[in-house]
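Listed below, chain by chain, are the residues.
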Amino acid sequence: MSQFAAEPLLDITVRVNGIRRTAAAPARRLLSDFLRHDLGLTGTHVGCEHGVCGACTVLVDGEPARACLMFAVTAQAHDVTTVEGIGHDPADLDPVQQAFVECHALQCGFCTPGFVTTISAYLDEHPDPSADEAREAISGNLCRCTGYQNIVAAVLRAAELRREREGTA
Amino acid sequence: MKAAPFVHHAPRTVEEAVAVLTQVGHDGKVLAGGQSLVPVLNMRLASPGHLVDINGVAGLDTVEVTPEHVRVGALVRHAGLERHDGAAAALPLLRQAVRHVAHPAIRTRGTTVGSLAHADPAGEMPAVAVLTGAVLEVAGPRGTREVAADGFFLGPLETVLEADELVVAVRFGRLPAGTRTGFAESARRSGDYALAGVAIAVSTDGDTVTGARAAFVSVTPVPDVLDLTSVLAGARLGTLPLDAVTEAVRAHVDPESDIHAGADYRRMLAAELTVRTLVSTAAGAQEGAA
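Each protein sequence line maps, in turn, to chains H and D.
Reminder that position 120 of the first sequence reads as 133 in our numbering, one-by-one numbering, no gaps.
Reminder that position 9 of the second sequence reads as -10 in our numbering, one-by-one numbering, no gaps.
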């Protein structure tokens, strides 16, 4: 038998951005790679692959989680929201995305999807953060351009935008 | 970095999980939250042939509060424990400590019982477990057994668990009425593993201390309890003998040097964090007594 015998594939079904998606992948397929390679959702970025940088953060059942620290097979039966599911229309940006534009909170943009998912989940639970709380909320995400000041400003602006939209809804 | 190939097992009951573990022995690892395990697999520091994924096992995701303890099932996420108001009211130390576990995105998946089974001396919850006299409920092919947290940890990443055993829950002991608790740690970056950390329980009668205990993070090879009662009993909350506390902590901890900090610095940090936490906990007790 060849030592390179094909690895067994599993049919993995995950509900991503509201749509049930199935692909065949080995058990060791990380959720981050499943989203990018098997489902073609390349908005989720992969940085460190051991849970430190936060670039791959997605929402699992509405809560932030590291896609690089989950195997896709364990995400079955869960709802996964990627940055594509938060907002994919330049003319109708999510409040967090709009705030990033207004506050110049993205530089190279590599870390941005992880920040957007993290901040969206945070604001769901804490709609009116202080600057210190905003700093704490993003402390699990690294920005290689070190654009943190503007990202903190964007958290506060996003909270404002959410309140404004709720007020006019 | 990617994990090496493994066979994924998805048992639906504790019995099925134990049966698989019995079958695969040391070639198997239990996967619950995976927030410590998956990085180790991704970096190929470990490459078990079998992962026993207990996420589909029913009945392990509950928190129960009784007059004696707070029982946390093996699938309760750190975030679930953090949000559990009943647990926080019964044993405030749980919420105080769990908020220091990494970042929210890690607490979403990581489990409290998993961090005990992982037995990392840098983990917060092992210190809380020994300080509260916790008991771990363990299932294996020879039946179930209960193991006190004090005695569960053998060394860094090493416990008394056999390869075919599964921790199904932990019962954190509730502290006597009037006990005040505090938790603090210091890390180089928010949410990182602490260079040093401390969990403290202080009991008082009016504004006089009657007992005090501490357990540490990252500065002892296994979490154990430092009884500060002989140092603090009889002291008034406003005038605690902090120098004696510093001496006791410095003598108790046994930190290692690594690229993040030297042993001396960690020892100093452990003593300083203990003193500060003691002062803030005592201040809370004074407020409560007033």
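Please keep in mind that the hints were generated in silico from the structure rather than gathered at the bench.
There's no promise every hint is true.
To be verified - Reference listing, derived: stretches of chain H covered by chain D, where coverage requires no fewer than 3 residues with Cβ under 8 Å from a Cβ of chain D: (1) 76 to 82; (2) 99 to 111; (3) 149 to 156; (4) 166 to 179.
Claimed, not checked - Far from chain H by the CB rule (all over 12 Å, computed), these chain D residues: (5) 31; (6) 45; (7) 65; (8) 77; (9) 173.
Every value quoted in this text rests on a predicted model; they were computed, and no experiment measured them.
Heads up, the beta-carbon is just placed ideally off N, CA and C, and yes, glycines get one too.
For this structure, which hints from the list above don't hold up? 2, 4, 5, 9
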